Amino acid sequence: MNEGVVLTEDQRDCLQEIVNVAIGQSCDSLARHLKVFVHLSVPRIRVVSKQSLSVELASFVGCVGAKVSGVSQSFFQVNVAPDISGQTFIIFNDFSLRELAGLLEYEGELTDAVEKKLLMDIANLLIETCVSRIGQQINTGLSYSDPTVLGQHILIDDLFDQKKLGWEDALLVEISYTLENSPFNCSMFLLMPCESIVVLKGKLDVLLEGL
Amino acid sequence: MSIPLLICDDSAMARKQVKRAIPDGWDVDITMTVNGVEGIEAIRAGKGEMVFLDLTMPELDGYGVLEKVKAEGHKSIIIVISADIQPEARERVMALGALDFVKKPIDGKKLSDVLAKYGLL
Numbered sequence: 001m002n003e004g005v006v007l008t009e010d011q012r013d014c015l016q017e018i019v020n021v022a023i024g025q026s027c028d029s030l031a032r033h034l035k036v037f038v039h040l041s042v043p044r045i046r047v048v049s050k051q052s053l054s055v056e057l058a059s060f061v062g063c064v065g066a067k068v069s070g071v072s073q074s075f076f077q078v079n080v081a082p083d084i085s086g087q088t089f090i091i092f093n094d095f096s097l098r099e100l101a102g103l104l105e106y107e108g109e110l111t112d113a114v115e116k117k118l119l120m121d122i123a124n125l126l127i128e129t130c131v132s133r134i135g136q137q138i139n140t141g142l143s144y145s146d147p148t149v150l151g152q153h154i155l156i157d158d159l160f161d162q163k164k165l166g167w168e169d170a171l172l173v174e175i176s177y178t179l180e181n182s183p184f185n186c187s188m189f190l191l192m193p194c195e196s197i198v199v200l201k202g203k204l205d206v207l208l209e210g211l
Numbered sequence: 212m213s214i215p216l217l218i219c220d221d222s223a224m225a226r227k228q229v230k231r232a233i234p235d236g237w238d239v240d241i242t243m244t245v246n247g248v249e250g251i252e253a254i255r256a257g258k259g260e261m262v263f264l265d266l267t268m269p270e271l272d273g274y275g276v277l278e279k280v281k282a283e284g285h286k287s288i289i290i291v292i293s294a295d296i297q298p299e300a301r302e303r304v305m306a307l308g309a310l311d312f313v314k315k316p317i318d319g320k321k322l323s324d325v326l327a328k329y330g331l332l
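Chains A and B, in that order, are what the protein sequence lines are. Residue numbers for the first sequence follow the numbering used here, so the first one is 1 and each next one is one higher. Residue numbers for the second sequence follow the numbering used here, so the first one is 212 and each next one is one higher.
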C-alpha cells in the first residue's frame, strides 16, 4: 500500500468528526422523509485494496449471501485537478426495501420499477445531504453525476465489477443508517481513490492547523 | 472560584473545537473525557458542575450519561453538543434533563448566547 495515502490519527479523527456532522444532516433528512427517529452511528474509516472491497462491504452490510440492491453516484470538483472525487454507494437488503415501502405507506405491488424509484429517492436524499455537508466543511464545492442503479436483488459481489474500479487502494468510509422500532437499515459507502486522499489530507491539515 | 467544566466527546477535534468556543474570560477548570463511562466518573469526582456532552460516543453514549446523572442525582448543568439535529433528539435530551442543545460544528457565538440565556456567564 502507498504510505502517502494513510491518514494520521489526527487526520482520521478530523475526518470522522466531519463525517459525523454530515451523517447528522442526512439522518435529519431521512427522519423527515420517513417520519421516524434515525439512530446515528459512528462511521468507520480506513484504506482498503480493490481485492478486499467486496468482502469488506459484505461484512459491513451484514448479509453475506443475501440479495441486495444498490445505487451509486460519483462526486467530483469541476475544473480542479487533482480534485476531491470519489464514488458513493447505497446498499439495501431486500428486506429493508420492503420495510421502506411500508414506511412510505406504499400499498401497490412492489415491482422492480417501484423499488427502483424508492431506491433512487433515498439514495439521492442521503448522498446529496451527506456528501455536500462533508464538502462544505472542507470548503470544497462538489458536483455529482446522475445516480445509477447497480443492480436489484443480486449478491453484493455482483454489485461491483473489480476490473472496472480504476484504483488499487481507496479510502473507505462506512456509514450505517438504522431506524428505531424498525428492522430497516441501509449502508452507505464513500470510496475515494489515492489521488483524492492526498488532496483530502491537505484539506484536513488546514482545518487541524486552525484549531 | 473556577467552575469545574467537563467536555465529554470521543473526537479530539470536537473537544478542541468546543474548548476554543468557550467564551473568553469565563472562569472554568476544564476536564476532558473521551466517552460516557469516563464522563460519568469525572462527574462523580465533582469535575462536571457544567458539562458539554456529545451524544454519539462509544462505551456509553450521551443519552446514557444523562440517564446516569439523573439516576444518581448529580446536580450537573448539561448542555448537549451534537451533530444529531433531528428535532426529536433535542426533545429526548431535554426530557432527560439537559439544559439545552447546541448543534455541531459548534459556533462560539451560539454557545455564548445559550450560556448567557441561562445566566451562566
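A couple of the hints might just be wrong.
[What the hints assert, rightly or not] Taking lysine to any residue pairs in the SDA-like style, the calculated list, with each CA pair at most 25 Å apart, reads:
hint : chain 1 : residue 1 : chain 2 : residue 2
1    : B       : K320      : A       : L208
2    : A       : K35       : B       : G236
3    : B       : K227      : A       : G202
4    : B       : K279      : A       : S41
5    : B       : K320      : A       : Q137
6    : B       : K227      : A       : G210
7    : B       : K230      : A       : L207
8    : B       : K230      : A       : G65
9    : A       : K67       : A       : S85
10   : B       : K227      : A       : I45
11   : B       : K227      : A       : R133
12   : B       : K230      : A       : K67
13   : A       : K35       : B       : K279
It is worth saying that the hints were derived from the structure and are not from the lab. As the structure is a prediction and not an experimental result, all values here were calculated from the model.
Cross-check of the supplied hints:
{"no.": "1", "hint": "B:K320 to A:L208", "result": "21 Å, holds"}
{"no.": "2", "hint": "A:K35 to B:G236", "result": "43 Å, violated"}
{"no.": "3", "hint": "B:K227 to A:G202", "result": "19 Å, holds"}
{"no.": "4", "hint": "B:K279 to A:S41", "result": "21 Å, holds"}
{"no.": "5", "hint": "B:K320 to A:Q137", "result": "18 Å, holds"}
{"no.": "6", "hint": "B:K227 to A:G210", "result": "10 Å, holds"}
{"no.": "7", "hint": "B:K230 to A:L207", "result": "15 Å, holds"}
{"no.": "8", "hint": "B:K230 to A:G65", "result": "47 Å, violated"}
{"no.": "9", "hint": "A:K67 to A:S85", "result": "29 Å, violated"}
{"no.": "10", "hint": "B:K227 to A:I45", "result": "21 Å, holds"}
{"no.": "11", "hint": "B:K227 to A:R133", "result": "20 Å, holds"}
{"no.": "12", "hint": "B:K230 to A:K67", "result": "47 Å, violated"}
{"no.": "13", "hint": "A:K35 to B:K279", "result": "29 Å, violated"}
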